[in-house]
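Peer 1: The chain contents come next:
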Amino acid sequence: GNSVTQMEGPVTLSEEAFLTINCTYTATGYPSLFWYVQYPGEGLQLLLKATKADDKGSNKGFEATYRKETTSFHLEKGSVQVSDSAVYFCAAETSGSRLTFGEGTQLTVNP
Amino acid sequence: DTEVTQTPKHLVMGMTNKKSLKCEQHMGHRAMYWYKQKAKKPPELMFVYSYEKLSINESVPSRFSPECPNSSLLNLHLHALQPEDSALYLCASSQVNTEAFFGQGTRLTVV
Numbered sequence: 001g002n003s004v005t006q007m008e009g010p011v012t013l014s015e016e017a018f019l020t021i022n023c024t025y026t027a028t029g030y031p032s033l034f035w036y037v038q039y040p041g042e043g044l045q046l047l048l049k050a051t052k053a054d055d056k057g058s059n060k061g062f063e064a065t066y067r068k069e070t071t072s073f074h075l076e077k078g079s080v081q082v083s084d085s086a087v088y089f090c091a092a093e094t095s096g097s098r099l100t101f102g103e104g105t106q107l108t109v110n111p
Numbered sequence: 112d113t114e115v116t117q118t119p120k121h122l123v124m125g126m127t128n129k130k131s132l133k134c135e136q137h138m139g140h141r142a143m144y145w146y147k148q149k150a151k152k153p154p155e156l157m158f159v160y161s162y163e164k165l166s167i168n169e170s171v172p173s174r175f176s177p178e179c180p181n182s183s184l185l186n187l188h189l190h191a192l193q194p195e196d197s198a199l200y201l202c203a204s205s206q207v208n209t210e211a212f213f214g215q216g217t218r219l220t221v222v
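Chains A and B, in that order, are what the protein sequence lines are.
Per the numbering used here, the very first residue in the first sequence carries number 1; after that it's consecutive.
Per the numbering used here, the very first residue in the second sequence carries number 112; after that it's consecutive.
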């Protein structure tokens with residue numbers, strides 16, 4: 001079956017630090033890949049996506065590149081802000097419109 | 112309009128009650144979803160409707176009954192729930208095989 005593995009959290013950073021959250025997937029074929037963000041008490045918001053190998057998704061300073069050779073979709077941001085504190089979920093879409101999520105990574109950014 | 116609207120935001124119900132969760136979108140999406148999310152866990156897929164027909168039921172107990180009255184509305188009817196069913200229930204919608212947009216969720220507590 002399909003699965004998504006995220007780096008274990010939580011992650012605590014100081015403001016303006018560099019962020020990397022690792023994500024790898026196993027799937028048959030080439031799924032579309034997503035990063036979602038969930039702020040406390042809210043639903044999930046789509047942060048960025050990539051639908052094929054070598055695509056780079058980007059939004060709000062976050063980036064992730066679809067790497068077929070390493071089956072990875074790592075999330076990066078050059079300079080995090082306190083407002084980026086949230087839970088980040090990596091997800092892969094497979095047949096039948098199913099989303100398979102990673103376990104989520106709690107990010108806390110301190111001023 | 113890029114919103115998925117869920118009502119109510121919070122719901123407390125007894126184990127003998129019958130209640131319904133509602134979800135609405137006006138983005139013209141033809142796929143709609145129910146997910147269940149427990150604290151500190153990723154969302155788990157419950158049901159998928161595609162073109163107003165139930166296409167996926169992830170072996171959800173019959174005390175949860177989905178309904179899709181039209182292409183914009185999705186309901187989840189609840190009856191005889193257990194305390195362990197307490198969770199955040201998320202609705203999402205998408206065009207078929209594209210990224211899903213999530214609502215803010217209904218925080219359900221079963222007492």
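Worth double-checking, as some hints may not be accurate.
Unchecked claim - So the derived label-pair ranges between C-beta atoms look like this:
#1 207(B) / 110(A): 25 to 33 Å
#2 110(A) / 126(B): 13 to 21 Å
#3 83(A) / 207(B): 44 to 52 Å
#4 128(B) / 52(A): 41 to 49 Å
#5 52(A) / 155(B): 22 to 30 Å
#6 56(A) / 190(B): 21 to 29 Å
#7 56(A) / 138(B): 46 to 54 Å
#8 13(A) / 114(B): 28 to 36 Å
#9 195(B) / 29(A): 29 to 37 Å
Unchecked claim - Listing some non-contacts, in silico: residues in chain B with all C-beta distances to chain A over 12 Å:
#10 124
#11 126
#12 133
#13 137
#14 171
#15 174
#16 175
#17 196
#18 205
#19 216
#20 220
What the hints assert, rightly or not - In silico DSSO-like pairs for lysine-lysine, Cα to Cα no more than 30 Å straight-line:
#21 49(A) / 120(B)
#22 60(A) / 147(B)
#23 133(B) / 149(B)
Rather than coming from a laboratory, the hints here were simulated on the basis of the structure.
Backbone N, C-alpha and C define an ideal beta-carbon position, used for all residues, glycine too.
Peer 1: All hints, please: hold or fail.
Peer 2: How the hints compare with the structure:
Remark: the range hint 25 to 33 Å for residue 207(B) to residue 110(A) is contradicted by a beta-carbon distance near 42 Å. With their beta carbons about 42 Å apart, residue 110(A) and residue 126(B) fall outside the hinted range of 13 to 21 Å. Roughly 34 Å separates the CB atoms of residue 83(A) and residue 207(B), a value that falls outside the hinted 44 to 52 Å. For residue 128(B) paired with residue 52(A), a C-beta distance near 47 Å keeps the hint of 41 to 49 Å intact.
For residue 52(A) and residue 155(B), the Cβ-Cβ distance of about 27 Å falls inside the hinted range of 22 to 30 Å, so the restraint holds. For residue 56(A) and residue 190(B), the Cβ-Cβ distance of about 47 Å falls outside the hinted range of 21 to 29 Å, so the restraint is violated. Taken as a hint, the range 46 to 54 Å is violated for the pair residue 56(A) and residue 138(B), whose Cβ atoms sit roughly 25 Å apart. Evaluation of the 28 to 36 Å hint for residue 13(A) and residue 114(B) yields a pass: the beta carbon distance comes to about 31 Å.
Between residue 195(B) and residue 29(A) the Cβ separation comes to about 35 Å, which falls inside the hinted range of 29 to 37 Å. Chain A leaves residue 124(B) outside its interface by the beta-carbon criterion, the shortest separation being 20 Å against a cut-off of 12 Å. At roughly 25 Å, the least C-beta separation between residue 126(B) and chain A is larger than 12 Å, which holds for a residue marked as non-interface. With a least CB separation of 15 Å from chain A, residue 133(B) remains clear of the 12 Å interface cut-off, as annotated.
The Cβ of residue 137(B) sits about 17 Å from the closest Cβ of chain A, beyond the 12 Å cut-off, so the non-interface label holds. Residue 171(B), annotated as away from the interface, keeps every beta carbon of chain A farther than 12 Å; the closest lies near 14 Å. Look at residue 174(B): its CB is around 23 Å from the nearest CB on chain A, clear of 12 Å, so calling it non-interface holds up. Taking the minimum C-beta to C-beta distance to chain A, about 18 Å, the non-interface status of residue 175(B) holds against the 12 Å cut.
At the 12 Å boundary, the C-beta of residue 196(B) stays outside the reach of chain A, the nearest C-beta of that chain being 19 Å off. Not every C-beta of chain A lies more than 12 Å from that of residue 205(B), the closest at about 7 Å, which undercuts listing it as non-interface. The claim that residue 216(B) is not at the interface with chain A is violated, since a C-beta of that chain comes within 12 Å of its own (minimum 5 Å). Chain A leaves residue 220(B) outside its interface by the beta-carbon criterion, the shortest separation being 14 Å against a cut-off of 12 Å.
The suggested pairing of residue 49(A) with residue 120(B) holds, with an alpha-carbon distance near 28 Å, which does not exceed 30 Å. This hinted pair checks out: residue 60(A) and residue 147(B) have alpha carbons roughly 28 Å apart, not beyond 30 Å. For the suggested pair residue 133(B) and residue 149(B), the alpha carbons sit about 19 Å apart, so the restraint of at most 30 Å is met.
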